[in-house]
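Asks: Take the sequences, apply the hints, and build the full model.
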Amino acid sequence: MHGEVTKVQRTILGRIVGPRPPLVTALYLLAFTALALATSCSQKLNQHNGRYYSARDMARLKRGERAPSRPATRPALTKTKVKTTAPS
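Sequential numbering of the sequence shown, starting at 343, is according to the working numbering.
Derived from the structure by calculation, the hints contain no laboratory data.
Just so you know, even glycine gets a beta-carbon here, dropped at the ideal spot from N, CA and C.
Be aware that one or more of the hints could be misleading.
As the list claims (entries may be wrong) - With beta-carbon atoms standing in for the labels, derived distance ranges: (1) LEU365 - GLY406: 48 to 56 Å; (2) PRO364 - ASP399: 44 to 52 Å; (3) VAL424 - GLY392: 29 to 37 Å.
Replies: See below:
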């Protein structure tokens, strides 16, 4: 009984790990080459104008590129304290 179990296990492992036809090997090699090429050509996430920036710098750049929320001609809102005297 023990020999039959070993024979079946070797057959299964032989099909998984064993030699493949040349066409299948070529397809695996082509897929691996395409995957390696695709990952090597990807642009870095934090690159801007050919330089690499930190995530904080990239957030500042994006915020600076956006249009301001209020026009430049309108003055900033400031609070002022007004003192009044009660008439006597």
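Asks: If a hint holds in the structure, say so; if it does not, say that too.
Replies: Comparing the hints with the structure gives:
1. A hinted range of 48 to 56 Å for the beta carbons of LEU365 and GLY406 is consistent with their spacing of about 55 Å.
2. Take PRO364 and ASP399: their Cβ atoms lie about 51 Å apart, and the range 44 to 52 Å holds.
3. With their beta carbons about 54 Å apart, VAL424 and GLY392 fall outside the hinted range of 29 to 37 Å.
Checked against the numbered hints above, the structure breaks only hint 3 and satisfies the rest.
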